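Engineer: Here are the chains, one letter per residue:
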Amino acid sequence: MVKIYTIQSCQYCAKTKRFLASKGVEFEELDIEKDPAAREACKKLTGMDWAVPVTTIDNEHYVIDYDKEALENLLCL
Amino acid sequence: MKERIHKDVVIIGAGMAGLTAALYCGRMNLDTLVLENGLIGGQIANAVAIENYPGFVSVNGGDLIATVQQQAENFGAVIDEFDEIERVTLKTTPKIIETQEKIYEADAVIIASGMNRRKLPLPEEKKFAGRGVHYCELCDGHAYDGKIIAVAGGGNAAVDAAYFLTKYAKKLYLIHRSELRADDFSQKRLRGNDKVTILLQTDIKALHGDKKLETVDIFDKTTGEAKTLAIDGIFVNIGVEPNTALFKDELHLTASGRIPAGEDCKTELDGVFAAGDVREKQIRQLTTAAADGTTAALLAEKYLAKLKEAN
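Chain order of the listed sequences is Y and B. Quick note on the working numbering: the first sequence kicks off at 1 and runs consecutively. Quick note on the working numbering: the second sequence kicks off at 1 and runs consecutively.
Some hints here could point you the wrong way.
Listed below are the simulated DSSO-like cross-link pairs for lysine-lysine, each with C-alpha atoms no more than 30 Å apart in a straight line [unchecked claim]:
| # | chain 1 | residue 1 | chain 2 | residue 2 |
| --- | --- | --- | --- | --- |
| 1 | B | Lys119 | B | Lys221 |
| 2 | B | Lys212 | Y | Lys17 |
| 3 | B | Lys205 | Y | Lys68 |
| 4 | Y | Lys68 | Y | Lys23 |
Example chain B residues on the side facing chain Y (calculated, C-beta under 10 Å, incomplete) [stated by the list, open to error]:
| # | residue |
| --- | --- |
| 5 | Gly38 |
| 6 | Leu39 |
| 7 | Ala45 |
| 8 | Tyr53 |
| 9 | Glu84 |
| 10 | Glu98 |
| 11 | Gln100 |
| 12 | Pro123 |
| 13 | Glu124 |
| 14 | Glu125 |
| 15 | Lys126 |
| 16 | Arg131 |
| 17 | Ile198 |
| 18 | Pro242 |
Label-pair distances were calculated between CB atoms; the ranges are [stated by the list, open to error]:
| # | chain 1 | residue 1 | chain 2 | residue 2 | range |
| --- | --- | --- | --- | --- | --- |
| 19 | Y | Glu28 | B | Lys188 | 53 to 61 Å |
| 20 | B | Lys170 | Y | Gln8 | 28 to 36 Å |
| 21 | B | Thr67 | Y | Leu77 | 46 to 54 Å |
| 22 | Y | Leu77 | B | Asp210 | 32 to 40 Å |
| 23 | Y | Gln8 | B | Glu51 | 33 to 41 Å |
| 24 | Y | Ser22 | B | Ala245 | 20 to 28 Å |
| 25 | B | Glu241 | Y | Leu77 | 42 to 50 Å |
| 26 | Y | Gly24 | B | Ser256 | 24 to 32 Å |
In short, the hints are calculated from the structure, not lab data. Here the structure is a predicted model, which is why all the values come from computation and not from measurement. The beta carbon of each residue, even a glycine, is placed where N, CA and C say it ideally should be.
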């Protein structure tokens, strides 16, 4: 399952979610403001605090921000 | 092989100018496509409260732009925010807009690609965007009445923004990584305000806060001293960049990188219009962007009618 770490007010988080939906990708959204464990997991994954959106497929490989080409590569679209 | 698709009008950019143009083009039954590489709404997408757009006492930027987007789509305009433009050919008829996935042939093109303020180069910028980190003092300054404000930057725009914000701030810091570049008048006017502290040769190292910005870490490069300032909001004014890189081989650009076009939004090329902040002009406001979008759409329709008659 694809996971995306977000915060509610982030416009690029919203765009990334719309992009995944447009490609038919199912994903689990984790709001790192509301979920401290998700924030820690995201920080552990990327080494950066509050960097969103972060999209990951395996908790190892990830894409920060809305980066269409990187997302397509990550998700083999 | 990319699919080739004909459109009456392709609008490049989905900020206020582009969406207003789309609304008008849609109403005139033109087959209209809007391509947006960044965020729908452009610079105002993150504005917390817009209080200088007629018809609204106060409106969130995202809400306002969503309404204009809905108006444009209701009239038939199609907006694609994912298929990025690779190159354009504007000197031909029709104009060619090649995206990653398709080739559009457009009889008219409205360029409304806008400008971006350079963002603070810090990873936590996104967390605080709209919640302590702002890029539009006119849009968001009022929210900081009686608060502690910082402005990042040292040019005329930053110094004038800082002066403007003194009307709200109980305390204002101007933070700049080198020396001020603003003209003497602007500097003197700002320095004469008792609320203002100017921190030069100072880098912004980090932003902190829970749900909104609370403190900013700074580093004085002259003394080597690191400090943490309690700040409610920071307005970033470290330069702007017109989004015109796509057009540099097709159109002459001004020294600032914008597109020369008059109040009729017509560029040097027939059937190519420039609207909004990307157009070289004196005043760049949300209202003038909407006005440009209107003008460009109406004159594009006239151009298309003449083109149809000629054929």
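Engineer: All the hints need checking, so say for each whether the structure fits it.
Structural biologist: Results of checking the hints against the structure:
1. B:Lys119 <-> B:Lys221: This hinted pair holds, its Cα atoms lying about 21 Å apart.
2. B:Lys212 <-> Y:Lys17: 23 Å, holds
3. B:Lys205 <-> Y:Lys68: Given pair Lys205 of chain B, Lys68 of chain Y holds - Cα atoms ~29 Å apart, limit 30 Å.
4. Y:Lys68 <-> Y:Lys23: It holds: about 11 Å lies between the C-alpha atoms, which stays within 30 Å.
5. Gly38: Holds - the Cβ of Gly38 of chain B comes within 10 Å of chain Y, reaching about 9 Å at its closest.
6. Leu39: Constraint on Leu39 of chain B satisfied, holds at 5 Å.
7. Ala45: Hint on Ala45 of chain B: holds, closest Cβ of chain Y at ~5 Å, below 10 Å.
8. Tyr53: Since chain Y brings no Cβ nearer than about 19 Å to Tyr53 of chain B, farther than 10 Å, the hint is violated.
9. Glu84: Given a least distance of 7 Å, the restraint on Glu84 of chain B holds.
10. Glu98: Given a least distance of 16 Å, the restraint on Glu98 of chain B is violated.
11. Gln100: 8 Å, holds
12. Pro123: Holds, because the Cβ-Cβ distance from Pro123 of chain B to chain Y comes to roughly 5 Å (cut-off 10 Å).
13. Glu124: 4 Å, holds
14. Glu125: 9 Å, holds
15. Lys126: Because about 5 Å separates Lys126 of chain B from the closest Cβ in chain Y, which is inside the 10 Å limit, the hint holds.
16. Arg131: Check passed: Cβ of Arg131 of chain B comes within 6 Å of chain Y, closer than 10 Å.
17. Ile198: 29 Å, violated
18. Pro242: 21 Å, violated
19. Y:Glu28 <-> B:Lys188: 53 to 61 Å: At 56 Å between Cβs, range holds.
20. B:Lys170 <-> Y:Gln8: 28 to 36 Å: Check passed, 29 Å falls within 28 to 36 Å.
21. B:Thr67 <-> Y:Leu77: 46 to 54 Å: Distance hint for Thr67 of chain B, Leu77 of chain Y is violated at roughly 31 Å.
22. Y:Leu77 <-> B:Asp210: 32 to 40 Å: With Cβ atoms ~36 Å apart, the hint holds.
23. Y:Gln8 <-> B:Glu51: 33 to 41 Å: At 23 Å between Cβs, range violated.
24. Y:Ser22 <-> B:Ala245: 20 to 28 Å: 26 Å, holds
25. B:Glu241 <-> Y:Leu77: 42 to 50 Å: 30 Å, violated
26. Y:Gly24 <-> B:Ser256: 24 to 32 Å: Violated - the Cβ-Cβ distance for Gly24 of chain Y and Ser256 of chain B, about 43 Å, lies outside 24 to 32 Å.
When each numbered hint is compared with the structure, violations occur for hints 8, 10, 17, 18, 21, 23, 25 and 26.
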